[in-house]
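Per this note's numbering, residue 1008 is the first one in the sequence shown, and the count goes up by one each step.
Among the hints, a few may not be true.
Stated by the list, open to error - Calculated cross-link-like contacts (lysine to any residue; reagent style SDA-like; alpha-carbon spacing at most 20 angstroms):
hint	residue 1	residue 2
1	Lys1184	Leu1201
2	Lys1052	Ser1148
3	Lys1052	His1069
4	Lys1061	Glu1073
5	Lys1019	Gln1036
6	Lys1052	Phe1106
7	Lys1013	Gly1029
8	Lys1061	Gly1008
9	Lys1184	Glu1027
10	Lys1019	Cys1050
11	Lys1019	Ser1074
12	Lys1013	Asn1051
13	Lys1070	Gly1008
14	Lys1070	Leu1111
15	Lys1184	Glu1131
16	Lys1108	Lys1061
17	Lys1070	Lys1013
18	Lys1061	Gly1029
19	Lys1013	Pro1039
20	Lys1052	Lys1013
21	Lys1184	Val1149
22	Lys1013	Thr1030
23	Lys1052	Ser1031
24	Lys1108	Ala1042
25	Lys1052	Pro1120
26	Lys1013	Asp1034
27	Lys1070	Ala1042
28	Lys1061	Leu1035
29	Lys1184	Leu1111
30	Lys1070	Phe1045
31	Lys1052	Glu1027
32	Lys1108	Lys1184
33	Lys1184	Ser1148
34	Lys1061	Thr1043
35	Lys1184	Asp1109
36	Lys1052	Gln1036
Just so you know, the hints here were simulated from the structure itself, not pulled from any lab data.
Remember, it's a predicted structure, so these values are computed and weren't measured experimentally.
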Amino acid sequence: GIHLWKPGEGGKWAITPGWEAGTSVEDLQWSPSEATVFASADCNKNISIFDVRKTGSPMLAHKAHESDVNVISWNRNVTNLLASGSDDGVFSVWDLRMFGKDPLARFTTHTTPITSLEWHPTDESMIVVSDESAVFVYDLSVEEDAEEIAKTNALAEDENAIPAQLLFLHAGSVSNKECHWHPQIPSLVMTTALTGFNVFIPSNL
1008 GIHLWKPGEG
1018 GKWAITPGWE
1028 AGTSVEDLQW
1038 SPSEATVFAS
1048 ADCNKNISIF
1058 DVRKTGSPML
1068 AHKAHESDVN
1078 VISWNRNVTN
1088 LLASGSDDGV
1098 FSVWDLRMFG
1108 KDPLARFTTH
1118 TTPITSLEWH
1128 PTDESMIVVS
1138 DESAVFVYDL
1148 SVEEDAEEIA
1158 KTNALAEDEN
1168 AIPAQLLFLH
1178 AGSVSNKECH
1188 WHPQIPSLVM
1198 TTALTGFNVF
1208 IPSNL
């Protein structure tokens, strides 16, 4: 289940067991614009939206992937956008105004589970994504021209075709776990992995 912890006097905590998930909860994200709203990702392949003022069932829930949903990230610049990554290597971008329908974007470039993803702190269309073998930077504002669209259609059956939105790939680490943007240094990315941590700025950003 999901529990709400509130700090009290004397270092004590008030714990409210308000929401039964029915399965393992993999990630939680507070809404950047609604103080009482949060999202969860779980092993039942669902993304759910909750409000702390209403215990019990979620306000919204949707089967988002065909495998466990490992991670989610709420866009702090465009607050109706939520990204999610799953155990089958798929990551998707959702418009919460149309939650329950198809995602705005769905990427199948990855061949190992998505382990972390995070929207850029100031660029609303940029996101960093890690799987177990590499770290990827995407710019979702990139649009394909007619020639690229024709190539994409020709490769439609190839789920591992490289999308036009993929800007940068950082390889060399084993079993990547986390990837995050630095909140103050533009385009600086920090990652952790079994082989250590890396700090880098993509050369094309």
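Compare the structure with the hints numbered earlier in the document and write down the numbers of the violated ones, lowest to highest.
Structure breaks hints 2, 4, 5, 7, 9, 10, 11, 12, 15, 16, 17, 20, 21, 22, 24, 27, 29, 32, 33 and 35.
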